[in-house]
Amino acid sequence: MTHEDQAGNVAFATSKALSQELKEGSDMLRAAAANGQQQLEDALKHFVKELQNKTFVAVSVDKATNTGGVGGSVVALPASARPPDESPTKPKAMPKDKDVVASLMAE
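Here the working numbering is used: the first residue of the sequence shown is 75, the next is one more, and so on.
Don't take every hint at face value.
[To be verified] The calculated DSS-like cross-link candidates involving lysine-lysine, where the alpha carbons are at most 30 Å apart (straight line), are:
hint: 1; residue 1: 170; residue 2: 119
hint: 2; residue 1: 123; residue 2: 170
hint: 3; residue 1: 90; residue 2: 170
hint: 4; residue 1: 119; residue 2: 97
hint: 5; residue 1: 172; residue 2: 128
hint: 6; residue 1: 90; residue 2: 119
hint: 7; residue 1: 172; residue 2: 123
hint: 8; residue 1: 90; residue 2: 128
hint: 9; residue 1: 97; residue 2: 170
hint: 10; residue 1: 90; residue 2: 123
hint: 11; residue 1: 123; residue 2: 97
hint: 12; residue 1: 170; residue 2: 128
hint: 13; residue 1: 128; residue 2: 97
hint: 14; residue 1: 172; residue 2: 90
hint: 15; residue 1: 97; residue 2: 172
hint: 16; residue 1: 119; residue 2: 172
Please keep in mind that the hints were generated in silico from the structure rather than gathered at the bench.
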């Protein structure tokens with residue numbers, strides 16, 4: 075866990091309201107972690123539920139400006155680069171950002 079003095083270096087938001095929400099969320103997680111396993115699990119469940127109402131967008135300059143011409147898109151790979159069980163014309167669907175975040179939180 076990052077020290078709260080470093081929060082501004084870890085989370086980035088262009089909205090003051092979102093920055094405040096992130097700070098309040100980190101404070102909630104920090105307090106829950108200090109008060110035991112059950113409170114931390116309850117807090118994480120709260121945030122997993124919150125993820126259902128969130129939308130994620132690119133903040134990577136490379137992704138946002140489409141550096142390299144792929145902009146984070148998934149493209150079909152040539153047969154030599156594909157696993158044997160993958161369709162040649164249709165790449166596997168990428169997981170949604172909120173699913174990735176929720177799985178990381180669950181770990």
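Against the structure, the hints come out as follows:
1. 170 / 119: It holds: about 18 Å lies between the C-alpha atoms, which stays within 30 Å.
2. 123 / 170: Roughly 15 Å separates the two Cα atoms, so the pair holds.
3. 90 / 170: Since the Cα atoms of residue 90 and residue 170 sit roughly 25 Å apart, the hinted pair holds (cutoff 30 Å).
4. 119 / 97: holds (18 Å)
5. 172 / 128: holds (8 Å)
6. 90 / 119: holds (25 Å)
7. 172 / 123: holds (10 Å)
8. 90 / 128: Cα-Cα ~16 Å, so holds.
9. 97 / 170: At roughly 24 Å apart (the allowed maximum being 30 Å), residue 170 and residue 97 satisfy the hint.
10. 90 / 123: Given pair residue 90, residue 123 holds - Cα atoms ~23 Å apart, limit 30 Å.
11. 123 / 97: holds (18 Å)
12. 170 / 128: holds (11 Å)
13. 128 / 97: holds (16 Å)
14. 172 / 90: holds (22 Å)
15. 97 / 172: Judged against 30 Å, a Cα distance of about 19 Å means the pair holds.
16. 119 / 172: holds (13 Å)
Comparing the model with each earlier hint shows no violations; every hint is respected.
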